[in-house]
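J.: For reference, the chains in residue letters:
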Amino acid sequence: MKVRFKLNGEEVEVEANPASRLLDVLREKFGLIGVKEGCGEGECGACAVLLDGRVVHSCLVPFANVMGKEIITIEGLRKTEEYRIIEESLLDAGSVQCGFCTPGFVISIYALLKNNPNPEDKEIREAISGNLCRCTGYQMIIDGVKLAAKRGEKLWKA
Amino acid sequence: MNRDFKVVGKEVKKIDALALATGEVKFTADITLPDMLHVAFLYSPYPHAEIEEIDTEEALNTPGVELVLTYKDVPQTLHTTAGQGYPEPSPYDTRILDKRVRFVGDRVAIVAARTREIAQEAAKKIKVKYKPLPYNLDPEKAQESEPVPPQDAYHLLPTIYEPRKNIAAGIKLKFGDVDVAFEKSDIVFEHRFEVQYASHSAIEPHAAVAFYDERGRINIISTTQVPFHARRIVSRVLGIPLKNIRVIKPRIGGGFGGKQEVFLEQVVALVTMITKKPSKVVLSRREVFTSSRTRHPMITWYKAGVKKETGEITALKLKALMNAGAYGPHALTVMANAGSKVLPLFNKIKNLLFEGYTVYTNLPVGGAYRGYGATQGYFGFNVMLDMIAEELGIDVLEFFKKWHIKKGETSPIFEELGEGKEGVAQVIRSCALSECIEKGAERIEWYKKRRKKLREGDKVRGVGAAILMQGSGIPKIDMGAAYIKMNEDGSFNLHVGATDIGTGSDTILAQIAAEEIGTSIDKMIVYSSDTDFTPFDVGAYASSTTYISGGAVLKCARKIKEEIIKVAAEMLNVPMDAVFIENGVAYTEDRTQHVSFEDIALYSMYSRNQHQIQAVASHIGLESPPPFMAQFAEVEVDIKTGRIEVLKFVSAVDCGQPINPVLVEGQVEGATVNGIGYALWEDYIFDEQGRLKNASFWDYKIPSIKDVPEVETIICKTYEPTGPMGAKSVAEIGINGPIPAIANAVYDAIGIRLKSSPFTPEKVLKAIKEQGLKL
Ligand code: FES
Ligand code: FES
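Residue numbers (numbering that gives the first Met the number 0), protein chains in the order written: chain A, 0 to 157; chain B, 0 to 774.
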């Protein structure tokens with residue numbers, strides 16, 4: 000089946016089995032390897048992407064569902080100023096160890112700050128609870144989010 | 000001994016962090032090659048069975064399938080998958096595929112096809128006739144059960160190994176006479192403790208890729224903590240010369256010991272050798288749970304005799320029974336560490352007996368896991384100390400401080416108990432454990448909260464503590480090496496065998512080199528873990544990288560600095576000892592003349608006496624200085640539901656001189672949170688046939704950000720004279736304390752002793768029923 004959708008700002012059309020996972024299509028047909036597979040069951044968030052601005056786990060999304068929708072992956076986000084702030088803040092806070100979970104976290108943090116520029120501790124925990132990290136113990140990721148909220152203040156409110 | 004550092008001890012950013020965050024960097028699963036085949040496995044549905052017939056025809060005829068392998072088609076070399084130094088202290092009891100399967104999840108066949116889906120589908124079409132065999136899931140019944148390992152399994156070392164009795168390893172160690180001492184002691188404590196199976200759960204699943212390079216050599220890229228051991232093991236198992244194999248470690252998405260096992264590399268290499276096509280395997284999360292490696296479950300029996308007046312522990316007996324599962328990687332050494340990394344902490348006990356056995360069962364296979372036996376051993380140890388202090392009517396922190404090993408002291412265990420052979424005698428040269436205890440106590444507000452049993456409705460609060468040590472590498476066994484060369488612009492290539500698995504070792508090794516050479520970190524170009532292009536290193540395990548590989552880098556940096564000074568002296572026309580280096584510039588003593596690194600490099604390459612400024616060095620640890628730690632938990636126990644909530648967790652650590660404080664905290668906090676998950680929920684649930692019932696993140700919960708309390712790390716700096724820049728290693732220790740600290744906190748809250756982890760609500764309620772609340 001041919002599916003048209005917007006991917007990282009560009010209109011694309013691709014032929015794939017409609018039942019295949021969005022995750023596989025992004026990785027295999029578009030080479031977007033920033034979208035990671037950690038569990039394939041919707042639990043770890045390593046495969047997180049934005050679907051019409053909402054965080055989804057691409058391992059759970061049947062490819063047919065993206066017809067006419069907009070998908071943004073870490074590769075698309077990378078070009079934005081918002082991304083730069085999040086990335087710098089995570090790096091400064093020491094939130095990146097192995098980094099396998101990081102692209103997924105960045106997606107969730109971006110969505111969080113876009114909706115809630117000044118999140119409280121509890122809201123941060125809630126918003127990124129769909130992302131698992133086994134290396135950091137999370138404290139430094141929370142610190143990173145707070146730093147990003149502060150540094151990008153104007154940007155998030157825009 | 001406090002040096003004024005410029006790069007070391009600073010919060011230098013991880014040098015690879017940027018590329019990791021953008022998602023640009025390639026992990027093993029991201030590698031795709033033309034014509035690549037994808038590998039899938041067929042696994043045994045039986046806990047123990049003989050394959051009577053196996054029919055692969057239908058699978059082989061599936062379009063897209065290129066290869067199906069059974070035990071009939073693969074080399075039958077016995078080996079261990081444990082990625083340890085040679086000769087491995089683990090039994091040779093494993094074949095790539097065997098006629099017999101030994102646990103649910105053991106491999107039956109290998110399929111290679113054009114896509115992963117085709118391979119998985121085809122695997123299901125293989126028809127197997129099994130003859131089920133008697134099986135055993137209970138380590139305490141292992142010795143009387145049907146033997147699990149192959150008839151011809153053997154051990155390279157002269158050690159206790161009785162496969163016919165399912166004994167995978169045994170140790171007995173004795174000082175003094177415990178029985179006489181127990182007789183004479185005023186109080187005797189005797190308790191049984193148990194810790195469970197667990198999964199490392201690195202977010203990146205295990206994966207491996209193989210291909211032939213243009214010279215016809217097998218190249219393997221894999222999620223390995225041990226590239227050099229992987230090369231050696233693949234060479235032996237497949238019978239191909241070592242020189243024809245190259246193993247490359249790309250970025251790794253966490254290891255924690257789970258990737259210290261070589262069980263995929265030989266499979267992709269074999270598929271590529273037969274088909275002449277690149278091949279790849281990526282395990283699913285389910286496969287990681289069932290068929291990779293796990294934490295070894297262990298039962299420990301502690302018995303202690305105490306003199307009432309002085310509080311002296313006069314005798315201690317530790318008996319350990321470890322469950323290896325169906326194969327024995329690390330069977331001896333993990334169990335040995337339950338004694339060797341634990342007992343020296345209370346080094347004044349004169350009568351000591353440590354007796355440990357590891358047994359085979361028909362369950363998933365244990366392996367190296369952060370903490371490596373110490374996690375299992377410290378549970379009972381710290382709970383016992385808490386009990387003893389209570390009985391003596393003293394504060395457990397004072398008890399800890401009085402008896403723990405101190406600087407200048409030793410323990411006979413260091414010498415007696417090593418990794419598969421005797422150990423190495425050592426004196427403790429740095430120890431800030433008492434300071435760790437005090438600072439941690441302050442932060443958790445110990446004296447304000449202990450014994451208060453603060454209650455609100457059904458919820459009662461308490462605090463508990465645990466003290467720990469680990470090691471820094473395996474002394475006289477682990478070796479790491481480094482190579483440095485200088486480039487024309489004054490930058491340096493640093494090549495190390497050391498394996499950065501997400502820990503940040505590339506960064507701290509660059510910091511050590513930059514510090515010693517006298518340049519900045521951005522001048523260091525690090526390349527690590529490639530068996531063709533970097534010197535040897537045992538790999539990332541046993542908390543060895545900072546101490547051992549760091550030691551090699553330091554030596555190497557010293558040597559190249561010497562070379563740099565030699566050239567500078569020639570250029571400046573002064574003797575060598577009249578030159579010093581600062582920030583990438585060589586000055587004469589009086590600072591009147593100078594040459595930059597760039598000048599020096601250019602001169603050495605193009606002007607006179609041309610040569611490459613370079614150096615190489617290796618390092619082995621002659622000792623294994625332990626990092627020390629005190630951990631504290633504040634919990635709230637719901638006496639109605641049995642639910643434990645950890646409110647706050649504090650770790651105070653002595654890791655010598657921290658090379659990079661942020662990375663130290665990252666290691667400690669990651670280990671701590673993993674330990675909290677292990678203490679409270681993480682467990683393997685089997686049915687009566689040994690089938691794992693919770694092989695997914697859905698059913699096997701690792702801590703999410705919502706589950707973790709406030710965790711705090713305090714660094715109590717010391718200077719370890721044998722370590723690079725005064726450093727000790729710190730990657731493992733933090734995982735050992737959560738179980739006992741939480742158990743002791745629960746006792747402080749409600750007077751219940753928990754002796755079997757994980758501390759689920761059901762277990763807590765059961766313990767309340769059995770022991771009765773003490774509020
Ligand atoms: S891979 Fe999609 S949530 Fe884990
Ligand atoms: S940094 Fe490794 S899983 Fe998060």
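Hints should not be assumed to be uniformly reliable.
[Unchecked claim] Simulated crosslink set (BS3-like; lysine-lysine; CA at most 27 angstroms straight-line):
{"id": "1", "chain 1": "B", "residue 1": "Lys-400", "chain 2": "A", "residue 2": "Lys-149"}
{"id": "2", "chain 1": "A", "residue 1": "Lys-113", "chain 2": "B", "residue 2": "Lys-705"}
{"id": "3", "chain 1": "B", "residue 1": "Lys-302", "chain 2": "B", "residue 2": "Lys-347"}
{"id": "4", "chain 1": "B", "residue 1": "Lys-400", "chain 2": "B", "residue 2": "Lys-647"}
{"id": "5", "chain 1": "B", "residue 1": "Lys-639", "chain 2": "B", "residue 2": "Lys-768"}
{"id": "6", "chain 1": "B", "residue 1": "Lys-316", "chain 2": "B", "residue 2": "Lys-275"}
{"id": "7", "chain 1": "A", "residue 1": "Lys-78", "chain 2": "A", "residue 2": "Lys-113"}
{"id": "8", "chain 1": "A", "residue 1": "Lys-156", "chain 2": "B", "residue 2": "Lys-316"}
{"id": "9", "chain 1": "B", "residue 1": "Lys-768", "chain 2": "A", "residue 2": "Lys-121"}
{"id": "10", "chain 1": "B", "residue 1": "Lys-639", "chain 2": "B", "residue 2": "Lys-700"}
{"id": "11", "chain 1": "A", "residue 1": "Lys-149", "chain 2": "B", "residue 2": "Lys-647"}
{"id": "12", "chain 1": "B", "residue 1": "Lys-705", "chain 2": "A", "residue 2": "Lys-121"}
Calculated from the structure, these hints are not laboratory results.
J.: Against this structure, judge whether each hint is valid.
T.: Structure-based check of all given hints:
{"no.": "1", "hint": "Lys-400(B) with Lys-149(A)", "result": "violated, 43 angstroms"}
{"no.": "2", "hint": "Lys-113(A) with Lys-705(B)", "result": "holds, 21 angstroms"}
{"no.": "3", "hint": "Lys-302(B) with Lys-347(B)", "result": "holds, 16 angstroms"}
{"no.": "4", "hint": "Lys-400(B) with Lys-647(B)", "result": "holds, 23 angstroms"}
{"no.": "5", "hint": "Lys-639(B) with Lys-768(B)", "result": "holds, 11 angstroms"}
{"no.": "6", "hint": "Lys-316(B) with Lys-275(B)", "result": "violated, 57 angstroms"}
{"no.": "7", "hint": "Lys-78(A) with Lys-113(A)", "result": "holds, 16 angstroms"}
{"no.": "8", "hint": "Lys-156(A) with Lys-316(B)", "result": "violated, 64 angstroms"}
{"no.": "9", "hint": "Lys-768(B) with Lys-121(A)", "result": "violated, 35 angstroms"}
{"no.": "10", "hint": "Lys-639(B) with Lys-700(B)", "result": "holds, 23 angstroms"}
{"no.": "11", "hint": "Lys-149(A) with Lys-647(B)", "result": "holds, 26 angstroms"}
{"no.": "12", "hint": "Lys-705(B) with Lys-121(A)", "result": "holds, 9 angstroms"}
The structure shown violates the earlier hints numbered 1, 6, 8 and 9.
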